[in-house]
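Chains as they are written, first to last, in this note's numbering: chain E, 1 to 272; chain W, 1001 to 1607.
FYI, nobody ran anything at the bench for these hints, they're computed from the structure.
Note that the coordinates shown come from a computational prediction; the quantities given were computed from them, not determined experimentally.
Each hint should be verified, as a subset may be incorrect.
Stated by the list, open to error - Pair ranges (Cβ atoms, derived):
no., chain 1, residue 1, chain 2, residue 2, range
1, W, 1531, E, 39, 36 to 46 Å
2, E, 258, W, 1096, 32 to 42 Å
3, W, 1521, E, 3, 28 to 38 Å
4, E, 257, W, 1259, 24 to 34 Å
Said to hold, decoys possible - For the chain E half of the interface with chain W, some residues (derived, Cβ under 7 Å), not all of them:
no., residue
5, 45
6, 52
7, 63
8, 67
9, 69
10, 102
11, 123
12, 133
13, 136
14, 265
15, 267
Claimed, not checked - Restricting the straight-line Cα-Cα distance to at most 25 Å, the calculated cross-link-like pairs of lysine to aspartate or glutamate (DMTMM-like) are:
no., chain 1, residue 1, chain 2, residue 2
16, E, 171, E, 47
17, E, 48, W, 1502
18, E, 48, W, 1099
Beta carbons: idealized from backbone N, C-alpha and C, even for Gly.
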Amino acid sequence: MIWVWIALAPILGGLVYGGERVLRARMQRRQGPPVLQPFYDMFKLLDKRTLIVHAPHALLGVAHFFVLWFTVAAIFLGWNLLYIVFLHLFAQMLLILAGYSVRSAYSHLGANRELLMLIAYEPILILVAVGFYLQSGSFDIAQIVRGGGYLVQMPLLFVALAMIVPIKVKKSPFDVGEAHQEIVGGVEIEYSGLFYEFLYMSRFLEYIFIYSFVFIFAGVSYGLGAALVAGVFLLVNLVDNATARVRTMHMVKIIYAVALSLSIVNIMWIVL
Amino acid sequence: MLLTLILLPIATAFLTLFSSKRMQYFLSGAVLAIGSYQSIVLFTSAENMSFHLSSLFNTVIIAADIILLLYFLYQGTKHNSSKVIVLAVVQLVLFLYIEHAASSGHSAQVVVDGLSKYTMEYDISSGHSAEIVVDGLSKFMFLIINIVGGIIVLYSVRYMEDEEATLRKKQLFIAGMFLFLSVMNAIVCANSLMLFFFLFEMTTLASYQLIAFRNDELSRTNALRALWMNQIGGAVILAGALIALRSANTLMFDTLLQHSGGMLLLALALLSMSALVKGASVPFDSWLLGAMVAPTPVSAMLHSATMVKIAPYLILKLAPVLGTTLLGGVLSIIGALVFVAASYLALSRSVFKEILGYSTVALLGLMMALAAIGTKETMMLAMVLMLFHALSKALLFLAAGVLEKQYHLKSIEEMSALVHRAPKTVGYIVLGFVSLTLPPFGLFVGKLFAITSVASLLRERPLLVIVLVSMVVGSALLVLLYFKVSSALLSNPSDTLSAERERIPYGYNIPLIFLTLLIVGSGAGFIIIQHNVLLALLAVPLTFVFVLPRVMRGMERYDRTDPYHCGEKEPFDAALVYFEPSVRVKRMIYWSFTLLFVSVAVIGGLS
């Protein structure tokens, strides 16, 4: 059963992504695209003529997708949370190296921003994992979801996590990675057709990845987990509609000053 | 066996002075083979060994020590450096005083052998502790020194061919590298504080001479700076030895560590301060950065792979006692903060070797932090990091040497789109970066375990939260640093342009291949001995590297295009980002670290 879910993960993520576009449109009193739009996009992309700059660049994008899928599979299988964070780091590095491997100003700019996003959210993810470890005595997700009461003991870590969700799903005020096409798509710019579809699907997997962290906070009660995910999902979209984008360095500073401090305070609180 | 490790390099150093190029390759290859073999045999043997030195030998060392200190004094006056002079004088006075006190105690023991009370008070050397003790830690260090060091010496033969210097000077250089191997082999099994001091000063001398090798003004200044900063290290060792002699009546590491109470912690504090100096922790980072003007094999051997490893080595040696004390806590916090600060400072640098130098300072800080925590597990992890760091950094420096000699490149600003011209060298560099940061390589696994280990200690020692957060943030900063550099190297034009082929000369390529194999092999070995299936699965994403060449052929069916330039005609290579702290912040960083450095002695004295 779990393997079916793993196999369907990109589709699941696609539905979330489609649903989000509808939600955001409704918040802005627009009609919005249909929920299945990401899949219509897929057929359209596969139909297009694929142009590539050079083979390693295209393949690194594909590798990024597959490693990300592997990471999501590791989450579903209940692996060690730290391994998962670092597998995700590996996946991101593949994307960043791809961005650097072409001679395009936009691609480099995008990769630089991806790198800064990475150093902003990575420490928080690890500290959240450490928080779970201190509470449950294990880094394994399988073990963590058997416990409970994380929300009570780790409220500040939850806030810190909620702060980095917009970075991962590329929402205001931290949508620096592509900045609504301001830098012409950033690392994605040199991909087209089939290979762009892989990057597009990676985005769906990112949703699953980051919202899994939110879900784990509920521990054993899956109902609460669903509620948490729905709540953060709604909040992130609300904030996205209500705020303007901050500059990249500004984002790093905000995350380090606020989210990191919150995490440290929470961890101190647990251990003392 | 131990004698082979120490004497063989000395003998070859002597032979090198009279040998041709071909002979030098042979000699260095032989030393690498024999040294590696011996150290592996030693490492796998279980027993510890100890040797007493004859009193004649001890006298020779004392004489050599005095000559060495006088030489520093002479260099100080010759180059008009008051810091070097003052420190040399301080060291001389301390040294003579200790030798006097120790020898009077020693003779007292001989004279009044019957009076047990008196002998107990002055039971200094001889007795049960030997001057040379080979334990597990020394054996581990032999591995790093002889394998990684040997590879670097092999490389330096080829490097010297491309260097502009007289034949005699080249021979001297390689002989110096051999001698250095022997000094390093000796220092990691020195149990006597005075022997340790002598060898510590020998490594300082090696740094000084080899940094000044090119003999221009910049090299001179930097060499002098390295000299006086390392002399501080020597002076605190002597001060520590004096305290050890006064309070514990011993000049031996092992007896000192069995002691308790008294001024023991002050002695240990002073000794660990010398580790901070040798490890170029902030605020002493400038000597290691300055050392980067030296020829690249020197940077690789002394200033990254082996010599600076004395710092974590020394802390590891003291760690069993430091462990639970406040002093150990402070040292681990300093190490962890150095990890973050040095990674941050590196982000403002553009010279490739300086970036590598700063990342060495950072990782040494991390190793010292883990060592100072002092549990079995963290000490083991510090050793793991030492090994993998030595391999990866040696690879990076040797690749940097290729860039320097074959392409005349030093700054990353000039390296844009290098992958087009030098795909193999860039491949080595990126592999080096990846092996320092990403799964499934050894250094990454070490860091991963370190996070787990520190997290498990948090409840008992809440202060370690500083170490934990520094570790997490510092690792992120290092990722930014390394891959920022890759951004310059990697940008490759479209396949519509034909690629060039690169040939790295064998003398450079063979050491690089050795290191690559070692990084991959030992990393895999490390994962296998963990018996952790999930950990091994971290290597799965790497399989795409092997699949890649196969898939590449299938990529012919897609059409090629040039990157999108938004209408600009200007070709683009890379946009490097720098993060420079303001002068005020920088000054604050240096002042706080100076304070922390001094506080080590204060805490050692008070507790």
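To see whether the hints hold, each was checked on the structure:
1. Checked against the given bound of 36 to 46 Å, the beta carbons of residue 1531(W) and residue 39(E), roughly 43 Å apart, stay inside it.
2. Distance hint check: the CB atoms of residue 258(E) and residue 1096(W) are about 58 Å apart, inconsistent with the given range 32 to 42 Å.
3. Under the hint 28 to 38 Å, the C-beta atoms of residue 1521(W) and residue 3(E), about 33 Å apart, fit the expected range.
4. The hinted window of 24 to 34 Å between residue 257(E) and residue 1259(W) is violated, with their beta carbons roughly 46 Å apart.
5. For the restraint placing residue 45(E) at the interface with chain W, the shortest Cβ-Cβ distance is roughly 14 Å, beyond the 7 Å limit, so the hint is violated.
6. Given hint, residue 52(E) at the interface with chain W, holds; its Cβ is 5 Å from that chain's nearest Cβ, closer than 7 Å.
7. With a least beta-carbon distance of about 5 Å to chain W, the hint placing residue 63(E) at the interface is held under the 7 Å criterion.
8. Below 7 Å, beta-carbon pairs count as interface contacts, and residue 67(E) has one with chain W at about 4 Å; its hint therefore holds.
9. Of the supplied interface hints, the one on residue 69(E) is violated, with its beta-carbon coming no nearer than about 10 Å to a beta-carbon of chain W, more than 7 Å.
10. About 5 Å separates the beta-carbon of residue 102(E) from the nearest beta-carbon of chain W, less than 7 Å, and the hint is met.
11. Taking 7 Å as the C-beta contact cut-off toward chain W, the hint placing residue 123(E) at the interface holds, the least distance being around 4 Å.
12. Nearest Cβ of chain W to the Cβ of residue 133(E): about 5 Å, under the 7 Å cut. The hint holds.
13. Annotation: residue 136(E) was flagged as interfacial toward chain W, and the flag is violated, the nearest CB pair being 12 Å apart, outside 7 Å.
14. Evaluation of the residue 265(E) hint against chain W yields a violated restraint, the C-beta minimum of about 10 Å exceeding 7 Å.
15. The criterion of a C-beta within 7 Å of any C-beta in chain W is met by residue 267(E), whose closest approach is roughly 6 Å, and the hint holds.
16. This hinted pair does not check out: residue 171(E) and residue 47(E) have alpha carbons roughly 29 Å apart, beyond 25 Å.
17. A threshold of 25 Å between alpha carbons decides the hint, and for residue 48(E) with residue 1502(W) the separation of about 37 Å lies outside it, so the pair is violated.
18. The suggested pairing of residue 48(E) with residue 1099(W) is violated, with an alpha-carbon distance near 84 Å, which exceeds 25 Å.
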